[in-house]
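Peer 1: Here the protein sequences come in this chain order: A and B.
Heads up: the first sequence is residues 642 to 716, going by our numbering.
Heads up: the second sequence is residues 51 to 458, going by our numbering.
Calculated from the structure, these hints are not laboratory results.
Careful: at least some of the hints might be erroneous.
Using 20 Å as the maximum straight-line C-alpha spacing, the simulated EDC-like pairs for lysine to aspartate or glutamate come out as follows [to be verified]:
(1) A:688 to B:245
(2) A:686 to B:324
(3) B:345 to A:662
(4) A:646 to B:330
(5) A:683 to B:324
(6) A:695 to B:210
(7) A:701 to B:245
The model shown is predicted, which means the values in this text are computed figures rather than measured ones.
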Amino acid sequence: MKELKFEEQMKRLEEIVGKIESGEVGLDDSIELCQEASGLVKALKKKLSEAELKVQELSKDSDGELGLSEDEGEE
Amino acid sequence: MRHSESSESSSPKVYRVSEITRQLRLLLEDTFPEIWVEGEVSNYKAHPSGHVYFSLKDEAGELRCVMFRSDAATLRFSPSDGIKVKALGRVTVYEKRGYYQLQAFLLLPAGVGDLALAFEMLKEKLKEEGLFGDEHKKPLPQFPMKIGVVTASTGAALRDILNIMARRWPLATVLVRPSRVQGDGAAVEIAEAIDDLNRCPDVELIIVGRGGGSLEDLWAFNEEVVARAIYRSEVPVVSAVGHEVDYTIADFVAGVRAPTPPAAAEIVAPDINEIVFRLEGLFSRALRAAGERVKTFSERMEALRRSYGLRRPRDIVLERWQYLDDMIRRMNTAMGHRLEIGASAVSALQSRLESSSPEATLSRGYCICRKLPDRKLVTRSSELAERTPVSLQFAQGSAECEVVEVEV
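Kindly produce the complete structure, drawing on both the sequences and the hints.
Peer 2: This is how it looks when you write it as C-alpha cells:
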C-alpha cells in the first residue's frame, strides 16, 4: 500500500540511524546506510512538500450501499 | 378459617429468622432492583473503610442508605446532612440486623435534570459493563494516512478539522461520513456512520464529534447506540464533542477524548513541520554517526599500520632464521662431538689391535724364526740342527742365517 510507505520509510530511517550509531555495522555498511538515509530523507521531504490533503465523502444510498465521492482539498 | 383448622391438619409454617429475612431480601431486591430516591441527607457518616452510611429523609419517612467504597469513590461532591440529593440504588436487606436499606450506587445533588440522571445511569451501566476500560482502547497511529470523520457535513467542526489537517498533515486523506449530530435519530446515524467507516479499507482512526451546544444539543453523544458503536469500532475513535467542559458518554468510551473538534485534529495529525525537523535531525545524526565511523576506522587503520602485529611477520622470519642457525650450530656441535668420540674409539681399537699383532711384538725387538727352505715357523730350538738355514724376520726387514750351535 502506497499510503503506508511513509511510516515504513520513517521507521527505516530511524533504524538506519540507530544502526550506524550503535557501531554494529562496518565502515562500508555505514557509508551505504548513510546513502540510503539520504535517499529516504529526500523522498520523505518530497512527499511532505508535495502533499495536499485529500477529502472524500462517504455516502450511503437508500439501499445501504456505500459510495465515495472525491472533493478538492481545502486550503 | 384459621390455619390450624385446615383440612390437612398440618402444623403452620414456621420460618427461621434467617429464612424469612432472606425471602424478604429477595422480594425487595427483585421489586426495586434500580430506583431513584430523592430525599434529604441525615446522619451522614464516611467510615474509615471507605463505605458511607447515611439516611434519606422527607417529612414523613426515613430510608437507611449505604454506599460501598467503590461507589463512594465516584462521588463528585461531598454530601452533608441537610442537603437534598437523588440517589440511584437498589433496595436490599441487611440480614444481620434485619432492616431494609438502599444500597446507593450514585448520589447526585437534587435539582439536576432528567437528562443528567439518564446520563449518570447510562454511565454507571456502561462502566459496569467495562466499556470504559482502558484495555479496549486502541492506540492512535503515528502517521495516519486515512482518517475517518463523523460529523455534520455543514458544521464548523468539519471545516475546522479539515483546515487543521490541511495545515498539519496534508499527506492524509480525510474520509468524511456526514451524519446529523443532533435531534431525533442523530445517535443512530452517528453509530451507523462509525460502523460504515469501519467497513472502509485503510481507515486508521475515526474522529466523532460536533461543535459546542447545549446539553440537549450534545445529547446524541450520550446515547447508548453511539457508545456501543464506538466500543465495537475496530479502529481507534477520538471523541470531540462540544467544548472543553462538555463530557459525554462518547468521551468515556472513546480511546481518546479531545476537548474540541479542532483539538481532535491536532491530536491525530502529526505536524508536518515537526516531521521535517525530525527528518533533518535523523539525517544529521546518520551523517555524524557515519563520520564517526570513518574517523574511528582511519584511526584504527593508522594504529594497525604501526602496530607490532604488522611488523611481526618480518620478525618471525628473522627469528626463524636465527633459530635455524642455532639448530645448525647445535647439530654441528653435537655431530662433531660424536665424531670425536668415534675417532678416539677407533684409535683405541686400533692400538689394541696393533698391540696384539706380530708386528707390534717384532717392533719391541722380537723376531720370527722360520726354518728354510719350507719357512716353517720355529718355536723350539730342538727343531734346529747345526748348519740349518733359517730366516729371521724383524720388525723391519729379514735376514737369512745358518745355525751355529743348538742348545736344548
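Peer 1: For residue 688 (chain A) and residue 245 (chain B), compute the direct alpha-carbon distance and say whether it is at most 20 Å.
Peer 2: Judged against 20 Å, a Cα distance of about 31 Å means the pair is violated.
Peer 1: Going straight from one Cα to the other, do residue 686 (chain A) and residue 324 (chain B) come out at no more than 20 Å?
Peer 2: The hint holds at about 12 Å.
Peer 1: Within 20 Å, alpha carbon to alpha carbon, are residue 646 (chain A) and residue 330 (chain B)?
Peer 2: 18 Å, holds
Peer 1: For residue 701 (chain A) and residue 245 (chain B), compute the direct alpha-carbon distance and say whether it is at most 20 Å.
Peer 2: Given that 20 Å is the threshold and the Cα spacing comes to 12 Å, the pair holds.
Peer 1: Can the restraint linking residue 695 (chain A) and residue 210 (chain B) be considered satisfied, given a maximum Cα separation of 20 Å?
Peer 2: Roughly 15 Å between the alpha carbons, so the hint for residue 695 (chain A) and residue 210 (chain B) holds.
Peer 1: Given the hinted pair residue 345 (chain B) and residue 662 (chain A), is their alpha-carbon gap at most 20 Å?
Peer 2: At roughly 13 Å apart (the allowed maximum being 20 Å), residue 662 (chain A) and residue 345 (chain B) satisfy the hint.
Peer 1: Within a Cα-Cα threshold of 20 Å, do residue 683 (chain A) and residue 324 (chain B) meet the stated pairing?
Peer 2: 16 Å, holds
Of the numbered hints given earlier, the model fails hint 1 alone.
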